[in-house]
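Line order of the protein sequences matches chains A and B. First residue of the first sequence: 1, per the working numbering; consecutive thereafter. First residue of the second sequence: 1001, per the working numbering; consecutive thereafter.
These aren't lab readings, by the way, just hints derived from the structure by calculation. Be aware that one or more of the hints could be misleading.
What the hints assert, rightly or not - Listing some non-contacts, in silico: residues in chain A with all C-beta distances to chain B over 12 Å:
#1 Ile34
#2 Phe241
#3 Gly249
#4 Arg252
What the hints assert, rightly or not - Derived lysine-lysine pairs resembling DSS-like cross-links, with alpha carbons at most 25 Å apart:
#5 B:Lys1161 / B:Lys1213
#6 A:Lys180 / A:Lys225
#7 A:Lys204 / A:Lys225
#8 B:Lys1107 / A:Lys156
#9 B:Lys1161 / A:Lys180
#10 A:Lys225 / A:Lys235
Note that beta-carbon positions come from the ideal geometry of N, C-alpha and C, so glycine has one too.
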Amino acid sequence: MIENTKYKRSYNFAFIDESTKKEVRRKLLKAVAIPGYQVPYSSPEMPISRGWGTGGLHVTLAIIGREDVFKIIDQGSDASVNACNLREFVQAMTGCKTTYDTTEATLIQTRHRITEEELREDQILVFQVPQPEPLRSVERYEYRTRQMHGEADYAKMWVSLYESYVRHGGIMRGADYPVKVNGRYIMAPSPIPRWDVPNLNQAKTLYLFGAGREKRLYAVPPHTKVEPLEFEDVKFEIEKFDSLCYKTGYRRAFLDELYLDDGSRQYVINDSNFLDKIEQGGEITPFINPYIQQIEL
Amino acid sequence: MSEHNWLLRVRNLTKIYGEPNERTLALTGPEWNSNICPDTDSIVACAGVSFDLYPGEVLGIVGESGSGKSTIVKLLYFDMEKTAGSAWLRPYNDGRANMLEASGQQKRYIRNHLMGTVYQNPRDGLNFRFSSGGNIAEKLIMAGSLHVGSIRERASFLLEKTEVPVRRMDDTPAAFSGGMQQRVQIAKAIANNPPLLFLDEVTTGLDVSVQAKVLDLIRELQQELGIAMIVVSHDLSVIRMLTDRTLVMKHGRVVESGLTDQILQDPQHAYTQLLVSSLL
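Please model the entire structure based on the sequences and the hints provided.
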């Protein structure tokens, strides 16, 4: 007798049906093959609205396997509402083990941060992207931006950086700093702080980006050159904090600014798992890049 | 100037809107006093335009509104797609490849390195959300310069050359007078030392004293830098002041061509005679 397994579960493994997952994976392969190129994809319906992390969720659900250990962070925090809800959803749909520990996870979904701890070859980082088009701020029409990418016509982007320097004396982009991937495409790294941008360069990990509302996927494969846009005489810089983490005294991490009741300010490490590990005296393996190395310990 | 050292060679340049049939070209033109095909209602913006332009030469194109003079410049600057015809530019592939058939990327290279254009309306040539220095920077960046210091140096040199106060380099052109906007456009157009410059009705809409200054500037730049120019105007005094040779256009066709002085002194075609006699 043929056993009907299909209807024993109310949902398919990882929620999305297999043929749609296959479609997403094929588009991801294309994205990996052309680093920084935005690949259109189906962006199927999810139980959350588009623009609330659906792009990242599509990628996660399309590539997750039963053996994966899943971690999700929202602006560095494992405990924010967005992270908690998506973690519960993925856990319910896959039965996968979830974790807060960056080194234990095999698949990490993130909103607007890269972990402070360096990621390995066997891990994948999935970004949730609100606006995949780096040129949108200088060109509003999609048919024009596609043409600009096709012809590598990035003068307008450069002029906007020049204008920023002229008006403000520096390139004023706090997050989503435009990068050039593999010497070809200009890419939006999603709204990660400038602090994280150098960690995209020549990384050991596969970085996948999903923009659900805009229906685009893109990728930075491991060991790919990723350069922030900078002029020969006006350079890219990461954030400078004139203080250290008040809980740990640690300096080489992206810090959150806290306003206290008396109006004074304190700083604390943004990456919650990293903070926990330092506080508990655990072993840490932070990202090292030339920008971070300039910060005195 | 010998037959063979042309800078720009244009043959049979044609732009038709709508769907023409084989009789369209025969049924339009000055002799029919119309550029609308009676069979198909297609509009012949320009047809069969051929000329050579030599290095350092200034060619005028004159004619009434709708005669197709701006169309020629827009086709050559790739603002529009031609219907038929060819154009060769000496510095592009040594003049062996038809630049109108080039790929988008090559066309952009030609536009940025080998040509400049000044439009009648500064809003067409300048981005009003960028500063005037930024507008010039755009051209320089497109030619591969990524050094803010040298970009600013070159931009202030160009603005000085075109008599725009350098301290206003970081203001947007929206804050400038019409004459100044036109000067910024000229500075942008010549930013990469192109051998060829298109001037499309540059003085129309400016008051007379400003017109004279802009024309002076163009003539100075022409003499100093030896740029070849195509000057489009309906104003014969502009043509007389700037150009060596002139094409007279009507209903999309060239009706007369020759030395500017000759055309103004001794016009042959009835339309040119009318044009010259209506000069105040």
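A quick look at each hint next to the structure:
With a cut of 12 Å on Cβ distances, Ile34 (chain A) stays outside the contact zone with chain B, its closest approach being about 17 Å. No beta-carbon of chain B comes within 12 Å of the beta-carbon of Phe241 (chain A); the shortest separation is about 26 Å. Distance check for Gly249 (chain A) against chain B: the nearest CB is about 38 Å away, which clears 12 Å, and the non-interface claim stands. Remark: the non-interface label on Arg252 (chain A) is consistent with the geometry, its nearest Cβ contact in chain B lying 30 Å away (cut-off 12 Å).
Between Lys1161 (chain B) and Lys1213 (chain B) the CA atoms are separated by roughly 13 Å; this keeps the pair inside 25 Å, and the hint holds. For the suggested pair Lys180 (chain A) and Lys225 (chain A), the alpha carbons sit about 8 Å apart, so the restraint of at most 25 Å is met. Between the alpha carbons of Lys204 (chain A) and Lys225 (chain A) the distance comes to roughly 12 Å, so the proposed pair stays at or under 25 Å and holds. Pair hint Lys1107 (chain B) plus Lys156 (chain A) holds up; C-alpha atoms about 17 Å apart against a cutoff of 25 Å.
As the CA atoms of Lys1161 (chain B) and Lys180 (chain A) are separated by approximately 35 Å, the hinted pair breaks the 25 Å bound. For the suggested pair Lys225 (chain A) and Lys235 (chain A), the alpha carbons sit about 17 Å apart, so the restraint of at most 25 Å is met.
Comparing the model with each numbered hint stated earlier shows that hint 9 is the single one that does not hold.
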